[in-house]
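Asks: Turn these sequences into a full structure, and let the hints guide you.
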Amino acid sequence: MTDLYPLRAGNLASRVFGGEAVVMNPADSTLFSLNETATAIWLAADGRTTLRQIVEREICPAWDIDPDAALEDAERFARELAAHSILLISTEPAKS
Amino acid sequence: MLRTHTPEGIRVRLDVALESLRLSGSLRLRVTGSSMLPAIRPGSRVLIRRAAEDEIECGDIVLLRTNTGLRLHRLVSVMNAPDGALLITRGDNDMEDDPPVSASQLLGIFARVEQAPPKWRRLACLLDSLFRQMEQA
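These protein sequences, in sequence, are chains A and B. Going by our numbering, the first residue of the first sequence is number 1, and it counts up by one from there. Going by our numbering, the first residue of the second sequence is number 1001, and it counts up by one from there.
Quick caveat, the hints were computed from the structure, so don't treat them as lab data. Because the structure is a prediction, the values reported are computed rather than measured. C-beta: ideal position from N, C-alpha, C; glycine also. Check before you lean on any hint, since a few could be wrong.
Sample of chain A residues facing chain B (criterion: CB under 8 Å; computed from the structure) [to be verified]:
1. Asn11
2. Arg15
3. Pro26
4. Asp28
5. Leu31
Straight line, CA to CA, 25 Å or less: simulated SDA-like cross-link-like pairs of lysine to any residue [stated by the list, open to error]:
6. Lys95/A to Leu1023/B
7. Lys95/A to Thr30/A
8. Lys1119/B to Leu4/A
9. Lys95/A to Thr2/A
10. Lys1119/B to Asp28/A
11. Lys1119/B to Pro1042/B
12. Lys95/A to Ala82/A
13. Lys95/A to Leu4/A
14. Lys95/A to Glu80/A
Replies: Structure, rendered in structure tokens:
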């Protein structure tokens, strides 16, 4: 499976409250409320860490779940946010 | 879990929306209430553009942050005060002006209705407007 590098889109308004992120897509003003797992992925999406690494570091230890199943869910989540332009996903790390 | 309808949840969402307006220059809102009938019907989705005090004039519909949330009403006058300008607004469907607010509470200006409410909401608006007129008569 190809490694994906998720990156939070720039210029987005967001707040983390009680461990959950609220993010607004400026294009259509849609508000997204992310649960704790999704928020952990969102916060770690720096464009240089692979989704697999994020899942292994942030998700699996905290929620004690199978890495492959977690990665599958994380990919689905990342692609969903990418479809709304609030997360960018690439097969290459972002240039710093 | 962040409860949408708790005061904290509402405040966080409002903060995010206003930060988005500041960052991107525009915001889409769903209007509640019938105070701007007939110009804006409840349930309409409207586009707000970020605006500064020197970009608005009487007659514009402006978005203000108030102690109770957001207000989208028509600017009827501007008063000079020692601490800065005060904006006086009024809903088109209201009989009285709103309490004055500082110009620093100006967030943006109404640009257009992007999506009208569904037909059943329009009927509800019409009835609401009729009842208001009867009450005021």
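Asks: Does each hint hold? Answer for all of them.
Replies: Status of the hints after comparison with the structure:
Restraint check, asparagine 11/A versus chain B: the minimum CB separation of about 5 Å is within 8 Å; hint holds. With 8 Å as the threshold, the beta carbon of arginine 15/A comes within range of chain B, its nearest partner Cβ sitting at about 5 Å, so the hint holds. This hint holds: proline 26/A has a C-beta 4 Å from the nearest C-beta of chain B, less than the 8 Å allowed. Because the smallest distance between the Cβ of aspartate 28/A and any Cβ of chain B comes to about 6 Å, under 8 Å, the interface hint for this residue holds.
At its closest, the beta carbon of leucine 31/A sits 6 Å from a beta carbon of chain B; the interface hint therefore holds under the 8 Å criterion. Proximity of lysine 95/A to leucine 1023/B is assessed by CA-CA distance (about 24 Å); at most 25 Å being required, the pair is judged to hold. Distance check on the hinted pair: lysine 95/A and threonine 30/A sit about 29 Å apart at the alpha-carbon level, beyond 25 Å; violated. Proximity of lysine 1119/B to leucine 4/A is assessed by CA-CA distance (about 45 Å); at most 25 Å being required, the pair is judged violated.
With a C-alpha separation of about 19 Å, the suggested pairing of lysine 95/A with threonine 2/A holds against the 25 Å cut-off. A distance of roughly 23 Å separates the Cα atoms of lysine 1119/B and aspartate 28/A; the hinted pair therefore holds under the 25 Å criterion. A threshold of 25 Å between alpha carbons decides the hint, and for lysine 1119/B with proline 1042/B the separation of about 11 Å falls inside it, so the pair holds. Between lysine 95/A and alanine 82/A, the direct Cα distance comes to roughly 19 Å. Compliance with the 25 Å bound is thereby established for this hinted pair.
With a C-alpha separation of about 14 Å, the suggested pairing of lysine 95/A with leucine 4/A holds against the 25 Å cut-off. A distance of roughly 23 Å separates the Cα atoms of lysine 95/A and glutamate 80/A; the hinted pair therefore holds under the 25 Å criterion.
In terms of the numbered hints stated before, the structure departs from hints 7, 8, listed from lowest to highest.
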